[in-house]
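Working from the sequences, and respecting the hints, build out all of it.
What follows is each chain in one-letter form.
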Amino acid sequence: MSTRERRFNRRKFVFTASVGAAAASAAVGATGPASATGVARREHYAFMQDDQTLRIALNGAQVGEADEALAAGFEEQFPGSQIEFIPLQGTDWNDYFAKLLTLIASGTVPDLTTVATEGTQLFAGQGLGTPLDDYVNQDKETLQEYFADVHPSLVEAMMYEGSLYQLPFDWNAANMYFNLTALGEAGMEMPAEDWTKDDFYDLAVALSGEGGGPPFGYGWVNRLWGGWMPWIFVNGSNLLTEERAPGGEWLWDSFYSDNKAAAGRGGGWRWPEPQANVAANVEALDFMLQLLSEGVTPTAEVGGGELLQGFFTSGDVRLTPAGGFWAGGLHNAGMAPDTFDVQYFPQWKSQRHQFGTAGMVMIQDGQNKDLAWEYMKYHVSKSTMELFFADNPTTPARRSMMTEEQYATTGPSNWEVFYGTLDKFPETAPIPAPPQSNEMTAIFMSHTSQAMSGQVGAQTALDNMQRDLEELFSS
Amino acid sequence: MASHTAVTTPHRQRRRVNPGRIVTILLLFGASIFMLAPILFTVSTSLRTPIESFRLPPEWIPTDPSWSNYRAVFDTIPLGTYFLNSTVVTLSVVIGQIVTAALAGYAFARLEFPARNFLFWLILATLMIPLQATIIPVFVLISEVNLADTLASLILPALASAFGTFLMRQYFMQIPDDFESAALLDGASQWEVFYSIYLPMAKGGLAVLAVLTFNGYWNEFLRPLIFLTTVDHFTLPLGLVNLQGYMGTGSVSVVMAGVVLSLLPVLVIYAIGQRYLVEGLMVGGLKG
Amino acid sequence: MIEATSPAVQRPGLLGRLTEPTLSGMARRRALMGYLFILPTLLAIILFTAGPVVASFGLSFFQWNVIDPPVFVGLDNFQRLAQDERALTSFVTTGKFVVLAVGLQIIFSLLMALGVQSLQSRGLRSFFRTAYFLPLLTSAASISIVLAYMFHQNFGVINFYLGKLGIDPIPWLNSPGWALMAIVLAYVWQQIGFTFIVFTGGLTTIPKDILEAADLDGATGLRRLWTITIPLLSPTLLFVGVTGVISALQVFAEPYVMTNGGPGDSTRTVVMILYESAFSFLQIGYGSAIAVVLFAIILLVTALQFKLSSRWVFYQ
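Protein chains in written order, with my numbering: chain U, 157 to 631; chain W, 921 to 1208; chain S, -2 to 313.
Everything labelled a hint here was simulated from the structure, so no lab data went into it. It is possible that part of the hints are untrue.
[Unchecked claim] Listed next, with one range per pair, are the computed distances between beta-carbon atoms:
| id | chain 1 | residue 1 | chain 2 | residue 2 | range |
| --- | --- | --- | --- | --- | --- |
| 1 | W | Pro939 | U | Gly368 | 26 to 32 Å |
| 2 | S | Leu162 | W | Asp1097 | 53 to 59 Å |
| 3 | W | Phe954 | S | Leu40 | 39 to 45 Å |
| 4 | S | Ala300 | U | Glu231 | 55 to 61 Å |
[What the hints assert, rightly or not] Residues of chain S clear of chain U, computed beta-carbon distances all greater than 12 Å:
| id | residue |
| --- | --- |
| 5 | Leu29 |
| 6 | Val63 |
| 7 | Ile64 |
| 8 | Ile104 |
| 9 | Phe124 |
| 10 | Asp165 |
| 11 | Leu170 |
| 12 | Asp212 |
| 13 | Gly215 |
| 14 | Val254 |
| 15 | Met255 |
| 16 | Gly258 |
| 17 | Gly261 |
| 18 | Tyr272 |
| 19 | Leu279 |
| 20 | Phe303 |
[Claimed, not checked] Sample of chain U residues with no beta-carbon within 10 Å of chain W, all distances over it, derived:
| id | residue |
| --- | --- |
| 21 | Met344 |
| 22 | Thr352 |
| 23 | Asp472 |
For clarity, every value in this text was computed on a predicted model and none was experimentally measured. Virtual Cβ for every residue (Gly too), placed ideally from N, Cα, C.
Here it is, written out as structure tokens:
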């Protein structure tokens, strides 16, 4: 019996035993004796064993021809191996994790899964993900080239308490997108990269229609990444307090010793305390409410963001926070490369940005860990990534892929902003996502929508948010 | 009410002059506009390029329809495979439920046996559990009997349903008792009473069950999402969500094209279902 | 299959009993037939629904995060639920939703079914039936995206046309009261075809001679509706009431897609909280406890409906 099956049985045993219900035991019946062996420790699995199927859970939209090509390439490189994708579609990362965890709870354990910043510490903190430290140390030579190409900010965002859990594959900062057609009609020009929040305000007001109806100068989606979080960040704040976990020298010293941007990095982010109602955050939410009451912005969208993209495409919303993933999205929606462009988020108290990054996590209970590691390396190799990023579905983690040529067909012309965000603003950091980020996001969105619907003011909404977050952090 | 008044000419004469009928028809038309508008909106959005899809006032009937969204659907997902899988699952479930619900509904409505009410409530109670609450144990069971990632994992657990049983029970209960005594006097067996007398009279209920079941399982999302892992086994709704794109970067118009495409087969089934079953029943119906 | 047993009168045992001619024999035969008839349904339901339900309920006494083994915590999950303001609010919200949604659904679908049945033109009947049934054929998750767009405060067609009538934009999805209303309308719009078709089916089983006799007695219009049609339709009404309440209590897709429970928690339903607790927050035990309470409520409401039904449901 393979380890995989044993793990299944252990789960079922635990499940059955704990429930102790007659019907359940009848249903799951046969597992009784088998589960005894199932509790036994996992054996070490030598690389290249009989069952070489790798199960990879993906956020569904990404399973396309590119993924099939990736799988084919890997199977060719490792004869006898087989890639089985488990595409799960979530409207956002929260939704994706919900579906993934359902799958795991039911006993289907993938070997690898894509996880974004929203879930990095959730997976690491719960012991679902495997620390990659040993693997990385064993493969230093192969990985030199990769780490040299990836900004340390992204790598640091993949660490938890000193260990590395993921190799960044793609990432997105929230920059500001402009509908150039609308800008041109209003006789306005793209702002300079050091534009301020006041410049933004003037621009957004000028681009808005009369009487509180469309078009709107600015629009956004109520979500953790890229909602009103970018304003919290440029106002020099965060939803939670930030600090760096100790550790991580093993990685920085090995791969980033001569990279100045890596100086002072630690073993991953910690967000120990909520600080939802600090003055800077109240000010940021007040600014959102001001834009709303002045008819500069519609109320925040809910959901995955396809409506916002539609409104932006049609010119009903002229400015909006989005990342490199919109290059491909807008291109697919039929926008020509010269009809939209991108700039850094405006400067307020600072100009630090918020970003999210994603990559594969090696699942702790997976069966073919060594093969999974091979896939992880294969996945972030330049040739593989070039295959995947042909249409710019999101921003590649490799700096060397950010080229004129890469963005020639899709736009935007100011593509240098994407990676420039990390270089120019060293304070730029990932969105806050502690192990309890799912609950935190629900609280964040709920109180945000309460404020945006005019039921409570910014201060009250954030006081309530703080109260709920404190309760969450104390439990 | 008794609409099919071919036999009662005087009534028809009387009703024809009733101005209430005109009002009825107008009200029904008004209602149909509300019911159809969102569907028409979906169709027209699916025929516009994404850039044009958000114009107001909406162009209800696109003057220059663009079929590119439909092409995008076919380019993005293997629609034929999904369609076939959905058809296999849905038709098997419909046939299974018609058989099991007709039998069980009849038993609960018309046959007396010890613990009948208890068993009925036991079955009915299972209707009251949200699917989200049982999906994990069900999937554990499915994997245990090696059915995970097969179409059978969707079909087998759905072959009987509390809903269908309850529906058919209510239909059978509406049919008068007298038919049975008459038939028994004529020497019919119990089975014949069920099969030749009551079942035909409950055809309306079976048609309703068939159409509702078809629809419910055709659009089913949660179970396929959890049970199926291989793309080749995907059903239509599961495949269609891929159109929504990463972080909502799929075009709304393409999503709508997918919705329209998945609606078409159900529409065909419904057209057949209503024409042959409901309408047929009304004509041949309950003469008594 | 049972038909084939008729020549076997002389045979004892199961087959013999089925064809036994005596009165008590007939009762036994009917009882046996009853068991045989419900057997497939009963087996399938015990195996695939009741069993998992029991298992799921068992989990409500445990703390389980999927990853670590479950820990028995007794009634902790229920105690927590009793103090969880957010969850309790969701029960109230769901209650309001059910009353509004099921009420509107039954009234309108009954009127629509009666109206359509009264038409003489087959073509018109088909047209209306299809029009009313069509929304049900769409998947709730996909169509909710369309509806969210139509209800959009600033860009939606609904406010656009209301604006033409001189009505200011309604914050359909952005104010607690309106958002619940929008969810109700979306749900009723989608589900009304279900009750409509069930009523239509129910109306076809009303024997024509009864209606004709009523006609001859001079019972027409509303009076006939109230004294003849509705009583004859009452088993169907009971069915619609029971299943309507059950499915409305489990509403999920519409609020999930259209408002995501907002603004605040004003459209967060019980099943959303359940789903969120179990799958988003990894508190399977707590989610199960919510499911148990929801089940108890549904059971109570259904039992009440059946209890009351003895006063108004009329079986022939």
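How the hints compare with the structure:
1. For W:Pro939 paired with U:Gly368, a C-beta distance near 46 Å fails the hint of 26 to 32 Å.
2. Taken as a hint, the range 53 to 59 Å holds for the pair S:Leu162 and W:Asp1097, whose Cβ atoms sit roughly 54 Å apart.
3. Under the hint 39 to 45 Å, the C-beta atoms of W:Phe954 and S:Leu40, about 43 Å apart, fit the expected range.
4. Separation of S:Ala300 from U:Glu231 is about 58 Å and conforms to the stated range, judged on CB atoms against 55 to 61 Å.
5. For S:Leu29, the requirement that its beta carbon stay farther than 12 Å from each beta carbon of chain U is met, with the minimum near 25 Å.
6. Here S:Val63 does not stay apart from chain U, with its beta-carbon only about 4 Å from theirs, under the 12 Å limit.
7. Non-interface status of S:Ile64 relative to chain U is broken: a Cβ of that chain comes within 12 Å, the nearest being about 5 Å off.
8. At roughly 30 Å, the least C-beta separation between S:Ile104 and chain U is larger than 12 Å, which holds for a residue marked as non-interface.
9. With a least CB separation of 32 Å from chain U, S:Phe124 remains clear of the 12 Å interface cut-off, as annotated.
10. Look at S:Asp165: its CB is around 10 Å from the nearest CB on chain U, not clear of 12 Å, so calling it non-interface is violated.
11. At roughly 7 Å, the least C-beta separation between S:Leu170 and chain U is not larger than 12 Å, which violates its mark as non-interface.
12. Every CB of chain U lies more than 12 Å from the CB of S:Asp212, the least distance being 54 Å, so the non-interface label holds.
13. No beta-carbon of chain U is positioned within 12 Å of the beta-carbon of S:Gly215; the least distance is around 56 Å.
14. A Cβ of chain U approaches the Cβ of S:Val254 within 12 Å, the least distance being about 6 Å, so the stated non-interface status is violated.
15. Its beta-carbon lying about 7 Å from the closest one in chain U, S:Met255 breaks the requirement of being farther than 12 Å from that chain.
16. Look at S:Gly258: its CB is around 7 Å from the nearest CB on chain U, not clear of 12 Å, so calling it non-interface is violated.
17. Residue placement check: S:Gly261 does not keep its beta carbon more than 12 Å from all beta carbons of chain U (closest about 4 Å).
18. A beta-carbon of chain U is positioned within 12 Å of the beta-carbon of S:Tyr272; the least distance is around 7 Å.
19. Not every CB of chain U lies more than 12 Å from the CB of S:Leu279, the least distance being 6 Å, so the non-interface label is violated.
20. With a minimum CB-CB distance of about 25 Å to chain U, S:Phe303 clears the 12 Å threshold, and the non-interface call stands.
21. Every CB of chain W lies more than 10 Å from the CB of U:Met344, the least distance being 21 Å, so the non-interface label holds.
22. With a least CB separation of 28 Å from chain W, U:Thr352 remains clear of the 10 Å interface cut-off, as annotated.
23. With a cut of 10 Å on Cβ distances, U:Asp472 falls inside the contact zone with chain W, its closest approach being about 6 Å.
Comparing the model with each numbered hint stated earlier shows that hints 1, 6, 7, 10, 11, 14, 15, 16, 17, 18, 19, 23 do not hold.
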